[in-house]
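Chain order of the listed sequences is P and U. Quick note: the first sequence uses numbering that gives the first Met the number 0, first residue 0, plus one each step. Quick note: the second sequence uses numbering that gives the first Met the number 0, first residue 0, plus one each step.
One thing to keep in mind: the hints can contain errors.
Claimed, not checked - Partial chain U-side listing against chain P, Cβ under 10 angstroms, derived:
(1) Gly27
(2) Gly49
(3) Arg67
(4) Pro69
(5) Pro70
(6) Phe79
(7) Tyr82
(8) Phe85
(9) Ile100
(10) Pro104
(11) Lys105
(12) Arg144
(13) Ala215
Hints are computed from structural coordinates only; laboratory data are not their basis. The structure displayed is predicted, hence computed values, not measured ones. Even glycine gets a Cβ: it sits at the ideal position worked out from N, Cα and C.
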Amino acid sequence: MSSRYALRFAALGYLALLLGIPVTLVFINAFDEGIAAAWSAVTTPEAQHAFYLTAVMVAVAVPLNTIFGVLCALAIVRQRFRGRAVLNALVDLPFAVSPVVVGLALLLVYNRRDGWAGEWLADHGVRIIFSTPGMILATMFVSLPFVVREVIPVLREIGTEQEQAAATLGAGGLQTFFRITLPAIRWGVAYGVVLTTARALGEFGAVSVVSGRISGETQTATLFVEDRFEAFDQTGAYAAGVVLALLALVTLLAMNLIKPKEGQA
Amino acid sequence: MSIVIENVSKRFGDFAALDDVSLEVRDGSLTALLGPSGGGKSTLLRVIAGLEQPDSGAVRIAGNDATRTPPQGRNVGFVFQHYAAFKHMTVAKNVAFGLTIRKRPKHEIDARVDELLHLVHLDGFAHRYPSQLSGGQRQRMALARALAVQPRVLLLDEPFGALDATVRKELRAWLRRLHDEVHVTTVFVTHDQEEAMEVAEQIVVIDHGKIEQIGAPREIYEKPANDFVMRFIGPVSEIDGRWIRPHDVDILVEPGEATVQAMIDRILHLGFEVRVELSLGNGEKTWVQTTRSRAEELELEEGQIVWLRADDAYRGHHAAAS
């Protein structure tokens, strides 16, 4: 009995120290000067634009990474080709590389003065760095592995027999994918989408490097939080932090709601 | 429709799954591919279905070369050992799948699904999900799904292998009756010789990627082409360096022409059958199957000296042990 309680105490205490107390303090500090002050802090034009920009990041990065992630998982699990192991390892790169390095790497490729592709793009009027496209690229890079990693084990588990059965019944490749494979992996995809969304919402480092941090222009919600903090606007920083935390929380709750219950198909 | 396999070979790396196999399956027949696991029988079935491409050789279905036709174009029904049920679809949607793909009108699909569910005794299960069915029910659903598109050929890969013994026996008899009703050319894979004997009209014995013998169940049992078939199909005893069916050996209480002396070690009464275990003069052990009345007539007892005769009339052309 006592060891059972010790285990629970250790697990819950660990979570409380690392997560519970700090996040609670963010909430308390956000409303230090009252709800009205917090509300007006997150509804300034700059704040609204920052949340809008974060929404754009999510709206572009999540669908693209979902489609790519499913295709990539299919290639890794269902096909045999040279470089399959390399592809499998490369997918994890964003987990291993610090987001700041990702940002710097994007600068090297796309900066307008001497970037690998930046000069050519600049000549054709395309601006990547210090603008939304660069920030989207940074967000996509850091949130790339989640769908792939969630879908691969599910694909392995369902095996190929259902797909083969569909083929013998006359279904072509696309029909088999949309009618058999996709429904079978849908929970893996959904979970991957949720994690990708959460990661895209919270991205700071890589986006920070390529954004140029122009308030009201290239400032996402996380950059806005830092900006407010540096300007000694505690209420603004914590209130925006609360909004971000709530968005992430809603995403995670959504996942738990859509997840099939234990024992159900 | 008839199936013709011409000189088909298939390798997986260094492993020869099929080695120059040729076979003809008559229109409307019920054929078993029988052999030990890893012998190539499943690969042959998958080659017929188009799920595997042969390295060389040809597959003809109903006289047309189908070697390079993808599975979608072959119009074969395939039943997998582990059912391959579409888990996210109801039983009705599973059965309707092939018809939905073919964009048949809804009323036609509904009528056909009803008819098939009736045929496989799953009336009333239309709106259940596969997870709510037993193994036997799932396999019958898979069969209905395969039959829905009116395939030219029905292929079953160890269809009863994952089921328990009672259900397996039931489904065997049922498959036999179904074939009498539906008359579709059927090929099924099994490693169970009893199952092959009971269900099939024609048995193809396959081992090490080669066909060892093709014949009717009785022919395979009574006239095995070689030692492998002899030992794989039915029981065998070894007497004096020869393989023989244990019920083809006569027990005599006196020496006679071409007899071998032996001592009875044990007598086992298994209902109608009596199994007599013996030691030969050279110390080898063997056994003979006889009937209860014959054992009583001879008054056999343990420790008794008897003479065994593997009668030529029964022994037929049984191969000598190599």
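Status of the hints after comparison with the structure:
1. Hint status for U:Gly27: violated, given a least beta-carbon distance of 20 angstroms to chain P, over 10 angstroms.
2. Hint on U:Gly49 holds. Least Cβ distance to chain P is approximately 8 angstroms, under the 10 angstroms limit.
3. Of the supplied interface hints, the one on U:Arg67 is violated, with its beta-carbon coming no nearer than about 15 angstroms to a beta-carbon of chain P, more than 10 angstroms.
4. For U:Pro69, the interface hint holds, since its Cβ comes within 10 angstroms of a Cβ in chain P; the closest pair sits about 7 angstroms apart.
5. About 4 angstroms separates the beta-carbon of U:Pro70 from the nearest beta-carbon of chain P, less than 10 angstroms, and the hint is met.
6. Given hint, U:Phe79 at the interface with chain P, holds; its Cβ is 5 angstroms from that chain's nearest Cβ, closer than 10 angstroms.
7. For U:Tyr82, the shortest C-beta to C-beta distance to chain P is roughly 8 angstroms, which falls under 10 angstroms, so the interface hint holds.
8. For U:Phe85, the interface hint holds, since its Cβ comes within 10 angstroms of a Cβ in chain P; the closest pair sits about 6 angstroms apart.
9. Interface hint status for U:Ile100: upheld, as the beta-carbon distance to the closest one in chain P is roughly 5 angstroms, under 10 angstroms.
10. At a threshold of 10 angstroms, the smallest CB-CB gap from U:Pro104 to chain P is about 16 angstroms, leaving the interface hint violated.
11. Look at U:Lys105: its Cβ only gets to about 17 angstroms from chain P, farther than 10 angstroms, so that hint breaks.
12. Residue-level restraint check for U:Arg144 holds (minimum Cβ-Cβ distance to chain P is 7 angstroms; threshold 10 angstroms).
13. Because the smallest distance between the Cβ of U:Ala215 and any Cβ of chain P comes to about 29 angstroms, over 10 angstroms, the interface hint for this residue is violated.
Comparing the model with each numbered hint stated earlier shows that hints 1, 3, 10, 11 and 13 do not hold.
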